[in-house]
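Put chains B and C on the given structure of chain A with help from the hints.
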Amino acid sequence: MHRIKCPFCGERDESEYIYQGDASVSHPPFDASIGDFYRYVYVRDNPKGWHREWWHHVGGCRMWVQVARNTLTHEIYATAPAGGVLDFPEDA
Amino acid sequence: MRTHKQPCRLDTGGSSIQRGKPLRFSFDGKSYTGFEGDTLASALLANGKHLVGRSFKYHRPRGILTASSEEPNALVELRKGAFREPNTRATTIELFEGLVAKSQNRFPSLAFDVLSVNQLFSRFMGAGFYYKTFMWPSSFWEPVYEKFIRRAAGLGRAATLPDPDRYEHAHHHCDVLVIGGGAAGLAAALSAGRSGARVILAEETPRLGGSLSRTDIIDGAPADEWVRNTRRALEALPETQIKTRFCVFGYYDNNIFAAIERVGDHLAATPKHLPRQRLHTIRARKVIFATGALERPVVFDNNDIPGVMLSSAVRCYVDRFAVAPGKSVAIATNNDDAYHTAFALLDAGINIPVLADARLAPSALSERARQLGIRVQHAMLPQCAHGSHRVTALSLQRTDGAFAERVRCDCIGVSGGYSPNVSLISQRGERPRWREDILAFVPETNKTEDIGCAGACHGVFDLNACLQDGFDMGERTAKELGFDVDTQTAPSAPSQEAGAIHPLWRCPGNGKAFVDFQNDVTADDIHLANREGYSSVEHLKRYTTLGMATDQGRTSNVNGLAILALAQGKSIPEVGTTRYRPPAVPVAIGAFAGHERGKNFQPVRRTAMHACHEKFGAVFVEAGQWMRPRYYPELGENMEAAIWREAKLVRENVGVCDVSTLGKIELFGEDAAEFLNRLYINGWSKLPVGKARYGLMLREDGAVFDDGTTSRLGNNHFLMTTTTANAAAVLAHMEKYAQTVWRDLDVHFCSATEQWCGVSVAGPLARETLKAVFKGAVDLSNEALPFMGVREFVWNGTTARIFRISFSGELAYEVNVPWGYGEAMWERIMDAGRAFNIIPYGTEALGVLRIEKGHVAGSELDGRTTATDMGLGSMLSSKKQFIGLPLSRREGMTSPKRPSLVGVKPVKPKQRLRGGAHFVTDIAKKGKIESLGWISSVADSPAVGCWIGLGYIQGGHTRIGEKVTAWYPMKNEMIEVEICDPVFVDPKGERLHG
Amino acid sequence: MRYSVFSLLSQGLRGNTGWKPAWRQPAPKNQYDIIIIGGGGHGLATAYYLAKLHKRASIAVLEKGWIGGGNVGRNTTIIRSNYMLPPNTHFYEHSLKLWEGLEQDLNFNAMVSQRGVLNLFHSDPQRDAFARRGNAMRLAGVDAELLDAKQVKQLIPVIDIDNARFPIEGGLFQPRGGTVRHDAVAWGYARGADALGVDIIQNCEVTGLDIEGGSVHGVHTTRGDIRAERVGIAVAGHTSVLAQMAGIELPVESHVLQAFVSEGIKPMLDTVVTFGAGHFYVSQSDKGGLVFGGDLDRYNSYAQRGNLPTAQNVLTEAVAVLPAVARLRLLRQWGGIMDMSYDGSPFICKTPVKGLYLNGGWCYGGFKATPASGWCFAHTIANDKAHDLNAHFTIDRFERGHVIDEKGAGPFPWAQ
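Residue numbers (our numbering), protein chains in the order written: chain A, -11 to 80; chain B, 112 to 1105; chain C, 1468 to 1883.
This is chain A alone, in the form it adopts within the complex (with noise of 0.2 Å):
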C-alpha cells in the first residue's frame, strides 16, 4: 500500500490518512467567475502519471500534505506541507 511520509508524524500507512484530490488548482478569490469556480471546482487535468495531490492525516496529526505521486506506478517522490516546495522527478 502507499506508505506516505507525513512532514510531521514520519512515514504512515495510506490508511492513517483521507485523499482528498488534485492540489493544483487554487480556491479562486471570491469575486472571480462562475467559470473560475467550476474550473476549481470540477475540472481537472487527471493525469495518467505525475500528480500534485492532497493526503489529509486524519489518524495522526491532521494536518494536509501535499504528496507528489505518479498516478501510473503509484511512486511517491516526495511530500509536503500545506504551502511548502514540493519537489517532482526532473522528468515529470
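Derived by calculation from the structure, the hints in this document are not laboratory data.
Using N, Cα and C, we set each Cβ at its ideal position, and we do this for glycine too.
Hints are supplied without guarantee of correctness; some may be wrong.
[Unchecked claim] Cβ-Cβ distance ranges computed for the label pairs, FRET-style: (1) B:Ser1006 / A:Ser12: 30 to 38 Å; (2) B:Gly984 / A:Val13: 48 to 56 Å; (3) B:Pro1007 / A:Gly(-2): 52 to 60 Å; (4) C:Ala1858 / B:Arg717: 45 to 53 Å; (5) B:Glu865 / C:Pro1634: 23 to 31 Å; (6) C:Asp1591 / B:Gly540: 43 to 51 Å; (7) C:Pro1634 / B:Pro897: 40 to 48 Å; (8) B:Ala1035 / A:Pro17: 25 to 33 Å; (9) B:Gly984 / A:Pro17: 55 to 63 Å; (10) B:Asn462 / C:Asn1670: 30 to 38 Å.
[What the hints assert, rightly or not] Computed footprint of chain C on chain B; a stretch qualifies when at least three of its residues, placed anywhere within it, have a C-beta under 8 Å from a C-beta of chain C: (11) 271 to 278; (12) 449 to 462; (13) 643 to 652; (14) 984 to 991.
What follows is chains B and C alone, placed relative to chain A:
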C-alpha cells in the same frame, strides 16, 4: 487403537512421517489409517486410493497430480457442518486424528458419477460452447438452462452457517523478507540474518527445505541435516524470525506484503485461545523472492487419468512419505529432473517399466540410469495413457508420432520442465521474461531496486548455484541496508552439469490432452479458441477458462500459451502471459475480516449517559456508529404509542433528551469570526459574546452541506455544532480551508464532540426544572438568559455550559458538561424534574417535535438541495462572500422549477403519511407520470392531531392550500394531501421567547 | 455463421474444425466515415448499432490492446435500472430492455440472468430514501418492490439478520436486475458488428487527433493515420487522456476500483445483494464463484491495481453480510480504471469540436449501461444530435448547475 493396513506404504523411509503415531481418518465415509506427518493426499495414496475427484465439466475421474498447493484435481470438502471447507487441496491438508473429508462434484458417488455421461457429449462441449447455445427458446434460459448450469457449476459446497472460527491480524516491519524456505531462501536468510538485519523467513509449508531431496548433499552432509543445522543457526539469531505454515500471497505497493498463517488448520480443533488463521501485513524494506519453481505436466492424450502425477510428486511421496504411488511406475520427461525420481523409485524397490526421455541424445545422467538397470528410451514421447479410474498402461511414440510400444504401468510420473514460480513477484505488474535456454519465464526485475530473487524462482536450478545465489543475495541485501556482513562462505553442494531441456508442449495425438485439469481445458480447446479469433493470451484465458481454476494457472499457463504460440506460428514471448494477481494461493475470506465480524464489524459508540438510558428501558437505534435512545416505552407501550406520548408530554410539561452525539468543534483565534463568515451563509462578526446563532453551510458547489448552532463564548472563542452524521466531514472541510486556502487567517480549532456531553431540556416547565437543578449556579431568568443566549458557569465544581436553543420549538435549553459528568447531570435533572413530571424522550420524539416546527434535518438534506430549496434563502448574506456562493448562482441551482420545502397533511385526518411517497397530479393521464416532489419526513403529531410531513414540491409555497396526491406505488397507496406551511405548531414562536 | 445447438452438433461431429473466427482481424484502412476509439463494451456496442440501426457502412473501432481488455472484462457483471433521477431511470431502463433482448439480437449467449437485485437498508430514514427511489422507478414504469426483513431472509437464507452490527430492516428489490457474463458482451457485440462490416482494429493506439478549424478530420495511431469526419471517444478510464488530445477540459478523475472472486462453489446465492451500511455488492456467477466489489481505493490511479486496506474493507463487509463466506477462499482480486465524473452520471454528447463525440464518465454505472450507451452514442453520432435519453448527459451540465447526482455526494469523484 484399531488401525487399518496401508497397502501402499513402504516399510522403511519417509522423512516426514512418524510411524509411531498412526491416525485414523475418513474419506467419503470410509475409514483409513495414516501417520502423523502425512498429508491427506499422501495418506490416501498410502491406502492405494488414487481416484479422489471428478473434473469440472466432463466429470472425468481424477487423481492426485502434485504434492503441493498447486494441486488442481484432489479438491475435497474438509470437515463438516459450519466448519465445512470446500475445494481444499488434499496435498496441503495435514492429517489429524478424526479428519473427515469428502470428494466433490460427483453424484451419487466418486466411483459412479451420473454426470460423467457429459464425456459422451464432450465434442459438443468444447471451450465456449455455452456462448453458442441455450438461447432458444429464450423463455427457457432462466428457469431451465441456467438452473442446470448453476447447479453443475462450482466444485464444492460452502457451509451455510456462520464460520465459528476466529481470525486474527498481525503486523510486522522488517529489513529483509525472504519468501520461501528452500535451499536458496535458507541460504539468503542465513547470510542476511547474520548481519544483524531484522529478517523474516516465510515458508508456506510446515517444513523447511523446499524441494531438497533425500539424496542431496550440502556441505558434505545429507540435506536434511543441513536444514536442521541451518534452522538452529537462524533460531539463534535474535533479529531473525522463521515462519512456517506462512504463505505470502499478496505483493502490494511499497514492499507491503500480505501473508496467511495457518495456526489451527492442522489440528483436529483449534484451541480456544488461538485463531484458526492469522493475516499478516508485512512492511519490508527489502525482499528476496526464493519461491522456487513448479514442475509442468506433459500434455498428451488422456494425461488426466488417476495415477498420472508430476514426477517430482512421485519422488516426494516415495521419499518423504514412504508411499508407493504404484507397483509399476513409468516415467516420461523432457529434462534431467525425472531421473532423480527414477533413482528414488529404484531405491524403494519399485519397478520402472520405462523411462521415456524426449531428448535425442543420451547424457551422463541417462547413462548412470542405464547402468543401474533402468530401461531408458531416448527420443520417446508419451502418446496416450490408458485406463479409466486408474492408469493401466502408457502408449509411447517416437518424436515423429510413430507408435513405439505400449507399456503396462499403474502410475506415470511426468515432467515437462520447471516454471519458476513468478506469480507473487509479478503481481506488481511487470510481465516476466522468457528464457529460451531453460524454456521458462523468469521475473523481470530490472526496473526496481527493492526486490531481489534467489534460486529456482529466477531460473537457477543447480543446487550449488542456488545456495551460492541465495547466500550472495542475502549478503548484498544486508549491505544495501547498511548492515555489516561478516564474510563467510556460502553452503555448497556437488555441482551438477545442467542437462538440456527439449521443448515438449503437445505430444502428437488426436484425443483429449488436458492442459488445465480442473477446468477441463484441452489442447483442442486452445486450437479452437485460436481458430475463432480469441487469439490474444487474455482472450484465450477468458474464452477457454484456461488458468481460471483454483491454481490460477500454475499447472497450466505455460503449456497453454506455448500451444497457442505454436498454433499461431509465434514465439512464446510474443504471445506473452496473462496478468498475475493476488492472492498467489487462495485465502479464506474470514482472514481479511479478522475480528471485525458480527457485532464487531464496526465500533459501537455510546454516550456517557448510556447506562441511564438502559435503566429507563430505552430501545436503542444505530445513528452511524452511535447507539442513541430511540424511545423509552412504558409498560405495555408499543413504539408508536411511546413516541406519541413522549412528544405530547414535552409540549405539555418537560422532557430531557441526550444530544451528546452532535458534532462539536471549538474555534479560537482573532480571525475565528471571519473564518465562520466564510464557512456559513450567514454572518458572525456581529454576534455578541454569550449568544448563539443557527448556521447553514454550503459545499463549494452551492448545495447545502450541514447546519448547526454556533455560539460565541468569547471574542475569539466559538463553539460550533454540526449534525451527528457530518461531524467528521465538517471538521475535515474546515481543516482544508484553514490549512490550504486561507493560511493567513489566525484561527485554530479541534473536535470537542467527545469532550462534552449534552442534554436538551425542553417544554413549558424547562426553566423551572433547571432552576431546581442548578440552584442558583446560573441565572435562568428570561432577562439573564434570553432566547439564543449562552452562558458558561461553574456547577458543583465543574464547568458547564447552557445554551437557550430549541429544536422542538418549546422553551428549551441545552446543557453541556464534561463528558465524564454526563451520568451525574442526567440523574440530577431527572431527580429535580420529577416534581414537574419530567420524562426522557428519544430520537423519534425529537423528530416529531422538530417536524412539527418545520425544522430541517438529515432527511431534508439529500445532498442536492440548496438553501433556497429549504426555505432558508433569506439567510444568504448579501454582505459577504462564503463557500458555495459563486456556484450556487448557477442557472440550474436557481431554477424556479426546483422543488422547495413545504409541509403536508392528509385530507382525511386518519390517513397515514409515508416518507418516500411522491407528489403527483393528473394520475389519470396515460404514459409516464411526472413526480412533482416527494415527502422527506413524517410524524404522527399529537400537537396537530394527525400525521404530518415535510417534503419538497415544485412550486413550493405557491402551492400552499392546494391538494395533490401522495403516491407510494410500492405499497399501492394513494393519499390525497394538502400542501401547507411547514411550521405546524406555534408559528409566531411565542413559546421560544417566553 | 449462426450459433445454435444445431451448429454445435454439426460442428462437433466434424471435430470442431469448421468454426469461423468470431471477428476478422483486418488492417486499418486510410479512411472511414466513422471511427470509434475504444474497443470495450461501449465502443463495440456503438459500432454495432451504427451499422445495424443507422445503416452506416464505413466504421472502424480502434482498440489499443485486445478488445474487451478494459473495464468490460473487469467489472462485477451487475445489471439493473434502479436509479432515482429521471434522466438515469429512463436511460438505464432502456438499457435493461436492450439486455433482455440482447442474446437474440446478437446470436451470442451472454448469459443475461435476471435473478433480481436487492439493496439492503438498515434504518427508517434509509428505508424512506430507498422508497423515494423505488417509487420513482415505479412512476417511470420500472419494477421495484419494498421488502421487509422477513422477506429478505426468505429470499437470501444465508444473509445475516440476527448477529449483524447493523440489523437489516429490509430491502429495495428490482426483480429484473441481475448479472451478465461480461466478456461475452464484448465478444457478442464485436461479432455482431464485424458481421455488419465494421472493421475492428486491435493493437492500434490513438496517439493524437487531427483537428483543424474546429473540426476533427482523423486520428493518428500507432498503426498509421486514419481519416474520418466523425470520431467517437469511448475509452472509459482514459477519457481524460483522449479529451486532452482535443483540448477539452472535463470533470473526470480516473480511480482504481477493485473486484474480487471466490473459488467456485455450488449455488448459495441467487440474487445480487448490496449492503446498506457500507459500500459492498455481491453475486454468484454461473461458474460458481462469488463476485464482490465495494468502494474505490479513493486515490487517482491508472495502474489497474489497488491496495490491501481497501481489499480488507470490502472482504470484511462481505463477511458482515454473509457470515458463511468467511470460510470460502478468495481466488483472485483485480482492478480497473474507473472514469469517475463529478456527479456520478455519464457523458454521451457532442463536444466543442465538430464531429468529435464523447462517451465517458461512467463511474459505477458503465457495464449495465453498455447497450443503451452504445445505442444512444450511435444515435448521437449518426444524427449529430443527442437522443432524448442522453440529452442531459452533457459536459456543460456542471457549469450550468444541472448535475445529475444520484447519491447527493457532491463534487467529489471518489464519493460517486
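Now the hints, each set against the structure:
no.: 1; hint: B:Ser1006 / A:Ser12: 30 to 38 Å; in the structure: holds (32 Å)
no.: 2; hint: B:Gly984 / A:Val13: 48 to 56 Å; in the structure: violated (29 Å)
no.: 3; hint: B:Pro1007 / A:Gly(-2): 52 to 60 Å; in the structure: holds (55 Å)
no.: 4; hint: C:Ala1858 / B:Arg717: 45 to 53 Å; in the structure: holds (51 Å)
no.: 5; hint: B:Glu865 / C:Pro1634: 23 to 31 Å; in the structure: holds (25 Å)
no.: 6; hint: C:Asp1591 / B:Gly540: 43 to 51 Å; in the structure: holds (46 Å)
no.: 7; hint: C:Pro1634 / B:Pro897: 40 to 48 Å; in the structure: holds (44 Å)
no.: 8; hint: B:Ala1035 / A:Pro17: 25 to 33 Å; in the structure: violated (54 Å)
no.: 9; hint: B:Gly984 / A:Pro17: 55 to 63 Å; in the structure: violated (24 Å)
no.: 10; hint: B:Asn462 / C:Asn1670: 30 to 38 Å; in the structure: violated (53 Å)
no.: 11; hint: 271 to 278; in the structure: holds (count 6)
no.: 12; hint: 449 to 462; in the structure: violated (count 0)
no.: 13; hint: 643 to 652; in the structure: holds (count 7)
no.: 14; hint: 984 to 991; in the structure: violated (count 0)
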